[in-house]
Structures are given as C-alpha cells and as structure tokens.
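Protein chains: 2
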Amino acid sequence: MENRTIMKRLKKLRAKMKDHGIDYYMMPTSDFHNSEYAADFFKAREYFTGFTGSNGTVVVSENWAGMWTDGRYFIQAEKEMEGTGVTLYKMMNENVPTIKEYLSSNMKKGQVLGFDGRVINTELGNDLEKLLSKKGASISYNRDIADEVWEDRPSLPCHDMYIITDELCGKSFKEKLKDVRLKMKENNCTSYLLCKLDDIMWLTNLRGDDVECNPVALSYAFITDEEFHLFVQMEEVTDDVFDYCSDNDMVLHDYFEVADFLKKTRLSGNIMYDKRNVNYSTYRSLLACAKRSNVELENVEDPTEIMKAVKNETELKNIRDIYLKDSAKLCEFIYWLKNSIGKEEITEYSAAMKLDSMRKEIPGFIELSFPTISAYGSNAAMMHYEATKDDFAVLKNEGMLLVDSGATYMGGTTDVTRTIVLGEISDEVKMHYTATCVGMLQLANCNFLKGCYGRNLDIMARGPIWAMDRDYKCGTGHGIGYMLNVHEGPQNIRWASRPGLSDAVLQAGMIVSDEPGVYVEGKHGIRIENILEVVEGVKNDDGQFLHFNQLTFAPIDLEAIDTKYMQPKDIEALNNYHKMVFEKVSPLIDDEKIVEWLKEATREVE
Amino acid sequence: MENRTIMKRLKKLRAKMKDHGIDYYMMPTSDFHNSEYAADFFKAREYFTGFTGSNGTVVVSENWAGMWTDGRYFIQAEKEMEGTGVTLYKMMNENVPTIKEYLSSNMKKGQVLGFDGRVINTELGNDLEKLLSKKGASISYNRDIADEVWEDRPSLPCHDMYIITDELCGKSFKEKLKDVRLKMKENNCTSYLLCKLDDIMWLTNLRGDDVECNPVALSYAFITDEEFHLFVQMEEVTDDVFDYCSDNDMVLHDYFEVADFLKKTRLSGNIMYDKRNVNYSTYRSLLACAKRSNVELENVEDPTEIMKAVKNETELKNIRDIYLKDSAKLCEFIYWLKNSIGKEEITEYSAAMKLDSMRKEIPGFIELSFPTISAYGSNAAMMHYEATKDDFAVLKNEGMLLVDSGATYMGGTTDVTRTIVLGEISDEVKMHYTATCVGMLQLANCNFLKGCYGRNLDIMARGPIWAMDRDYKCGTGHGIGYMLNVHEGPQNIRWASRPGLSDAVLQAGMIVSDEPGVYVEGKHGIRIENILEVVEGVKNDDGQFLHFNQLTFAPIDLEAIDTKYMQPKDIEALNNYHKMVFEKVSPLIDDEKIVEWLKEATREVE
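If you read the sequences in order, they're chains P and Y.
For the first sequence, position 429 (counting from the first letter as 1) is numbered 928 according to the working numbering, and the numbering increases by one without interruption.
For the second sequence, position 32 (counting from the first letter as 1) is numbered 531 according to the working numbering, and the numbering increases by one without interruption.
Pulled out of the complex, with its shape left as it was, chain P reads as follows:
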C-alpha cells in the first residue's frame, strides 16, 4: 500500500530542490551539535521518510530516495517506510554501499549535493566536498530546504536553563575552566570553540532542557585565555542563571550570533576545536576566522570529554546513592508487573507509563534519561523498539517483557535493563537468558590491568553469546553522564574499533554499562544491563589492577535461569550479586510484601 503522505512531502521537496539547483539533498539525524536525540524541530528525515528510529540519513534525488540506518533498525525501518518508495540501505551489510560510495558512483559532473551544513559534521562535510570535487560535482551547505516544505514544523526547543550547585558537582566552573585552559596551553592554542552540549553543561555546571532526555541547553562556548563566551538562547537565561554567569565572568551572547561573532573576531594564537563535534557551517566560520587572523586551527579531541568521563568523588557518591534508589523503584515495578499480569490489562505502553510514573516519585527526578523501552515477546528482538500510545502489544501471562529505562535525577543519570518473565518460556529462551546473565556477570567480575580498553574486555560479556554462534549487533557498553546524557564517551565496551569512534583506556571513576543480549528475529529478545563503576584494585610490580563495582541492584529473573547452562563460578557470581541486591535494596522498600517477594526473587540457586 502506498504511503501518500510521505510521497507528497517528497514531491514538494523535489520541487524545491529543482528551484535551488540541488540534484541530491541529504538529511541526517542530527541537531546543530550532533546530539544523540534530535528535537522534533530537527526531524526532517522522519518527516520525509516516516522512519522514526534514532539513527538514519536520507538522500533524495529527482527520482530516487535512499535511507541508511544501522542493524538496530533494519526491521523497524522496513516496516515504517513501507509504501514510501524510499529504499533502505542496511549499513555495514555486505555489498551495501555507504552514502559516500553511493554519491560518488551516482553523481555526475556539474551536479550539486545540498544539505544544511549545521546538521552535518565537519569531517563528513569536508569528505563530501573533496569526494565530489573529484567528480566535478559540488556541495551547497547553507540552505535548509526541508524548512521551505515542512508545514507546521515544530519550533526550536527553548526552555529555562538552571544551575547545579558546586556542592552537587564536586567542582566549580572556575576550577574546571582552569583545567581546560591548561589543555589549551598544552596544545599551543589561545582559544577554543566547544560545541558539544553536554561538555558545555559539564563545564559551566549549568543545565537546560532543549534536547529530549538530555538536560542540556542549545549552546556554544568560546574560550580564550582571558574570556569565556557562552552562546545561548537569551529567552532561556533566568535571572538566577544571569546572575550566576555574571558572577563567573561569563560573557553571554545569543545562540545564533556565534557565526557572526567568529566572523568579527581577530585572534593572536591558534584555535582549538574538535572536528567531530563542530558542525560544518560553524567549521567554515571558524576557518574564515583563522585565515583572517593568520593563525592555525588545531583539531584536538575535546579535552572536556575525558574530564567529564572520570567522575569525581562527589559525583560518585551521589551516583551510587541514586542508583540504589532507582534500583529499588525498578524492583517495585517488577513486583507490580509480575503480580498484575493476567489480573488487569497491561500493554507495553501502559507498563512503561507505570514505570515512568514510579520513577517520578523519586525525590530529585528531573526527566527520563531516554524514552523507556518496553518490548514484549518478539518485539524485544528489535533492539530499539519503542511502543507508543497508539501502537503497542498487550502483555499476556507468557513470554517476557524487556524493559530498558532510566532517568536523570539531582544526583545522577541512570540506565538499566531487565527482561522479565511473565509466564511460560521455552528452553531455548532459558538457554539464551542464562548465557546473557553469565556474560553480564563475567564482565562485571573481571580483573584487568590499567591500560585496557573496552575492546580487551568485550569478550567477557560477549563470549557466552558467541559460544552459541550468535552475536548482538551493538557494543556491550557505553559511558554514562552525571545528570547528563545517558550515552557519553570516550570509553566504551566494544570489540570492533571503527574509525571515528572515540575510545579511551578504562580508568577508576569511569562508569560503563554492561549489557549483553540475545535477539532472535520474530521470536524473542533478551537484554540484561547493569551499570558498573571502574575502581582500583591491587597495585604491584605487574601494574595497577582495576575491576568493576556494581551500581545496579535489581534481580536477574530466576524463572529464566537454567543452571545447567552455568558453571559453578557463574552460579556463585549470581548468588553473590543477588545477596547484594537484597541487602542493599530491601531497606529502601517499605512494602513488606515486596520485600518478601524480593527475598524470594534473589534466593540462592544451585
């Protein structure tokens, strides 16, 4: 069946492209800062394809449109784009060209690729320019054509900013700024354009609400040896924030003035920037500024990233505390779900709403750290499935519900996944669930030398899945912000290194997720996700050993565990973990019935 809505939109877009002499028009999934979640204002790709996933880039020509997305979304994208005429390109699959390869082989001499340079990163912009110039084609980056077609486009997010106290942050803006200026000096630069929203928030101890689930304000920061310029939407600056900025010698500018500011500024030293995080339009302004000032642009990985990743003692104390509270609430939710299923109608969506509303009861709740994933049965095989108010499955007392959820509170950002048994499950499911549990615990309990990257450890979690000739098509773990983004770098737990992916040696104070899974299309999906803190262990002649401490304390579903698939040490690890869960969480739960249930849910197994 044809999807007329999408087809009409594409038709209008093509007409505008023709008007502006654009042969191919590209729309990625990004705001002006390459944020993980783009606000509705930025969802041009969704508007023109129907595909709602979090990662995808559409390219449109006169008589063709292609949408590129990754393995998490193949099934969903196919479903959502049915009847639109848009072709799905499965990224990383054999014989599937990348966007660059596609454009390079299809664009002809004299043709023009258009895109809004503010939503394209510098590297891609530069690559495309070089690539196409070889073919005699060119780019046009300063027009947002989607905007000319898009009726009722949502407005740019604009919400009040707020201040996090130094007590809650453990380090003041001025102290952090001093560290950043040291890094500028190390890189022989006298100024630095920082465009990464969570890094700007981390540095200033400010927060905002402009990106879904990320407590950040749309902003730029321009730092010199003497000055600190902050570009934000002035409507967001409350009196308190204004005073705080004044007190801290921050010079406030309007968000949209950054390009003009760079155009006017003359500098006497080199400018530091991180090409991964500066959008192509801003990069061009910066380049012009450098040329005029006769100084160099120094592409350096944002030093704020690693500073932010290694949590300080105050942050760690608060994180440990909030993870306990969040875990207790999740336990109450699991109890509710297991005891209500079959008694009242529960859907994927209503279960998510229930959990969300329970989290809101926790003091200091700010917002969800990402939209709760509540996926029943085979829906859970879609790694980033999202049930909505209008499209959901009804839960039955059989199979499992996968719930991946978390929130940002005053005191930390959480993330946790449990796959919950609702009734009968097959032996195969038990085997897969048990392997996932073994993998999660194996990584959590491993001891390793300082110097390790996540790639050295990934097999601890993934090994039990690989042993079954299966894989999960994503990393095992990601970093997590402090009252910030639920996904942050540079550290990660992945086995494959891809160029452009940031990476860092694991060190004490870092937080990583540990989330192996088994996903069988059309059948079931299992994920168990705990959050771990990297801590120091023994130091001896062989070096500094590191290991993990658990931050998440919620039961692994024993109804899905078959100990015949476990070694004694795996069983011991599970029992030890469950003992901790009960000891730490039960004091936070008032309802005796739930405590009783938790006791049973965390019982020792053999």
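The reader is advised that the hints may include incorrect statements.
Note: identical chains are not told apart, hence a pair may lie in one copy or across any two.
[Stated by the list, open to error] When the alpha-carbon atoms are kept at most 20 Å apart in a straight line, the in silico DMTMM-like pairs for lysine to aspartate or glutamate are as follows:
1. Lys1063 with Glu1105
2. Lys1092 with Asp1061
3. Lys842 with Glu897
4. Lys511 with Glu844
5. Lys1038 with Glu1020
6. Lys1022 with Asp1040
Calculated from the structure, these hints are not laboratory results.
Small disclaimer: the values here were computed from a predicted structure and weren't measured.
Model the placement of chain Y on the given structure of chain P, informed by the hints.
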C-alpha cells in the same frame, strides 16, 4: 678489575673515529635486515663491550661509552661489562635517557654521529638526522668503522641456498609473484624493494642458512612489473638454485651490488618499500633512485607479510602432520625425563641436548627453530634464560623444568612449551600451573567473529592469571612461519597495542601460539604453549565465526593440576584435549612402555 681486552679495543676504535672525524659512534644489535638473530659477523657491540645479550646498543665518544639494554639483561650486562669503563643505561627505567635523548643533550654543534647505516633501520636513521640537524650536528652513515679495528672478525654467513619444491610449498614462485604485483598495482607502484629475509624466502620458495635458527639467505629482492632481481651472495648459489632461478626468470646479482644497482636504475613509476624493514643505507640509495627518476617512494607494509601468514592448504596439511611428529617426540622426551630423573645426572643443558638430538631423528629435520630453552626451578622465572654448556643447573627430583623448543623440518616449523613436574611441588605452584592451563585451553576453545584481532581474545588466556592479580610481561601469542622463522607477523595475541607493532585481523589459515604463563621471580616459572590454527566455523546472519584447531598434542602435566581451581567446563576441555593427544600421538610411538605412560598421563580427571 680492569677489562684490558675491551679497553684496548675501544682505544683503537676511538683512534679510527678521530681519523674519520666521527665524534660519537653507534653500534646496535642487528644485521642488514633487522633479523631476530644476528650472526657473529654482526656482533660488533659484543666485541667492543663484552655484553653478549640479544639486545643492546653501544655508543662511544672520545672519553665515554654507554650501552643501552632492556630489563631482561640488566644483571647480565653489569656482570659482563665490569671493568670495561662502559656505562650501562637501563632502558625504560625512570630518569634514564634514551639514546636519542642522550645524543640530543650531549652532542654539540658541528659534531658528527657515525654508524653503519646498514644495521640501522630507516625510521631511526631519519629521526637521528632530524634531531641532530636541529643541534647543528650531523650523521655519517656509510662507514663500518668497527670493521677497521676488529681483528679476526668472523666472516659474513655464507651457506648454500636450497629450493623447496612447489609441491611442498603449495604455490609456485610465479603465482606468488603475480599476487605481489597486484599489490604493487593497488598501491600505484611499478617497482618494489623487498628486504625482509623470510618474505623473500617465502616468495621465491628458496631457503638458506645465514641467520641462526632462521632458514633464510642474506638477500634483497627488487621487483618490477616485468623483472625480478634477486641479490644474494653468489657463493651460495648452487647449480640447482642457479637453474631454478634461470627457469623462473630471476635475475641474479651479488648481494653487495644492491646499492649500486639502485644508483644506476631509472624508473618510470613509484617505488614501494616498507620502512620497517629497509635499512637506512638502502633507504638512502632508494631515495636517490626515486629523486633521479622523479618518482615517489611509497611506504607500504610489506604485502608479502600477510600472504605468508595465511597458510595455504598444502602448507596446512604438512604443518598438521609435522606438529604430530614433533609432539610425539616431545612425549618421548617427557617420558625419558620423568623416568631418568634421580637415576642419572641430568642438567638443564643435557636435557636440552637430549631433546635436540631426539628431534634430529625426525625425517626432514633441518635445524632448531630457536635455541632450546631448558630452565629449572627459579631459572624458569627468567623469560629468556638460556642454559649453556658451561653454565647450567642440575635437575633434582623436585620442582619443575620448563622446556620451550621447536625445529624447522621439511614440512613446517614447530614451537611448543611444556613445564614438566620432576618431583614435589607446592600448592601455590599447582594453583599457578592450573590457571595457566585453564588460560591456554580457554583461548584455544573460544569461538569468535571474523574481524577480531588478537587484542580482543588475549584475555581468554590471560584472564585466569589477571584474576590472581598477576600478569606475564609478554604477549600471549605470535605467528609462526612455514619452514621459516618461528616468530612472524603480522597477527599476534596481545592485549596492549604499541605503536610500530604490526597487527592483523585473525583469519582462517593463520597459525598462532597460545602461551600464557606465571613467572614468580626467585621461585618458579610456568609456561604452557600450544600452537593453534585459525579455522572457519559457522557462517550466519551474524557473520563468519572462527575458532582454533590444536596443532600441538602433548600432555599437560596432571601432577601439577589441581581441579579445585577449575570449572567443570575447564576439566572437560582438559579431558577432551588429552583424549585427542592420546588418540593422535600414540600411533606414532613404537615403545609400548611409552604408550602406557602416555595413556596414564592423558587420563581423565574429575
């Protein structure tokens, strides 16, 4: 006490340095091809310092001499250089300058650093030139001053070359050459200077005997689209080899003519070379050739390296066969050792001689693949300990003997380590031995996706050692040549990546060693080394799975195994391995008593 011999030699050297206007003269440990083992001809550093270790560089000035070596040799170097006036510089120790740092802070404007550019690699030569030019100092690389002083210098190794039949190699020289030329084309080059000896041997299906334990001939190969030039010592070219070269359109040149040849040659396309493997003098000749021809030098990793690493079916068949024979012989040796200890005097050295002589009985034996390591008790904690005719420990019926050994045969090159119980051992030793066994088997039995590097898998072997807050200060595994060097790249099993170390994704047909260990200084050393072949497993939507097949079949010493440190799956893995050992090796052993012993040594444990 003064070491007059060394002091006299240094005095003569200094006089010659003065004659030639050289202020500092540097002598490293290397032949002209950066081979792992340098022949006596190349041991100038030993001649002028007395230090006999395998790694060290001496720098001599008018009134000072310094010798740099690594941690393996600190004690030995101090002892051997006593009374020579040569200062020991302990590499990697805190506050010890590197050679570059030393020269950079001590050399003055106008001074000259001399070295024989044929024993210095391109990168170091370039670095030194740049570094010193900043100080107004310079290098002089085309004079071997040591040669002018060195009385009775051993002659350059010069032994007959021989041909390996195409049947034994599985691929002819001409076929291999075609593949190499394709790589030249891919890199937009019309010629290629190959300096790596084992790569030249692999490519030509020739062998030699010029480097200890490596069946290679000193040689260079210069490949163009049309021609193949081989530079060897003409005395090495037997009639058969001469005919073979003629038949294969190889143009033979004398080994020392390569520089002249490059000086004379004019080329019409870019020249490929690998700066890791080209010595500085040759690089300068190449650079001159490129300049004169007005073409570029393209620094590319020798493509022969990966071609050589992925064994073809013929090679694999022969390797599997020769490893069985080698394993059977090792079993006989272990039997002999266990039954002779306490009955006759056996020393580290005599045990090694015994094993070496047993290997020589295997048809097709060519030479040892490295000097047999036979280390008793605490000697085994020194990773590169070598007992000699004059310096050895006597074995008693207590503790363990570590034996790391192998040979090159017509049909393959072997490498294997067993740590053999001779009598009573402590519980701690059993714990360490069992962890080493578990690590070795865990890596050998893991299932992984194509795309993995060794760094993704290293923890499978190392994890059980790390779990005890211990580490072994070396990689877990290396590649192994086919009738070639026992250590070859580019693949490896290591956890840490160091710049300059080559690496490659593991693929079917590669051979790697799997040799975890525990080394406790002053107490004991344990290493268990099996050789593994990478093979393809299941291929499905998740990708191509790979795993390992065992090539080595010799018992793990059950007297050192305590199953209380093992999980059921580890015990099962050990029993499965031992079952294979008996099944595969017992048919190759004639002596019934040994077969009986092997049956017992490979019995099932619980």
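How the hints compare with the structure:
In this homomeric assembly, Lys1063 and Glu1105 come within 20 Å of each other (Cα to Cα) both inside a single copy, at 9 Å, and across copies, at 18 Å. When the C-alpha separation of Lys1092 and Asp1061 is checked against a cutoff of 20 Å, the pair qualifies neither within a copy, at 26 Å, nor between copies, at 46 Å. Taking the closest pair of Cα atoms, Lys842 and Glu897 come within 20 Å of each other only inside a single copy of the chain (13 Å); across copies the shortest separation is 71 Å, beyond that limit. Taking the shortest alpha-carbon separations for Lys511 and Glu844, neither the intra-copy value of 43 Å nor the inter-copy value of 94 Å comes in at or below 20 Å.
Within a single copy, Lys1038 and Glu1020 get their C-alpha atoms only as close as 45 Å, which misses the 20 Å cut-off; across copies the closest is 17 Å, which meets it. For the homomeric pair Lys1022 and Asp1040, the shortest alpha-carbon distance between copies (15 Å) is at most 20 Å, but the shortest distance inside one copy (50 Å) is not.
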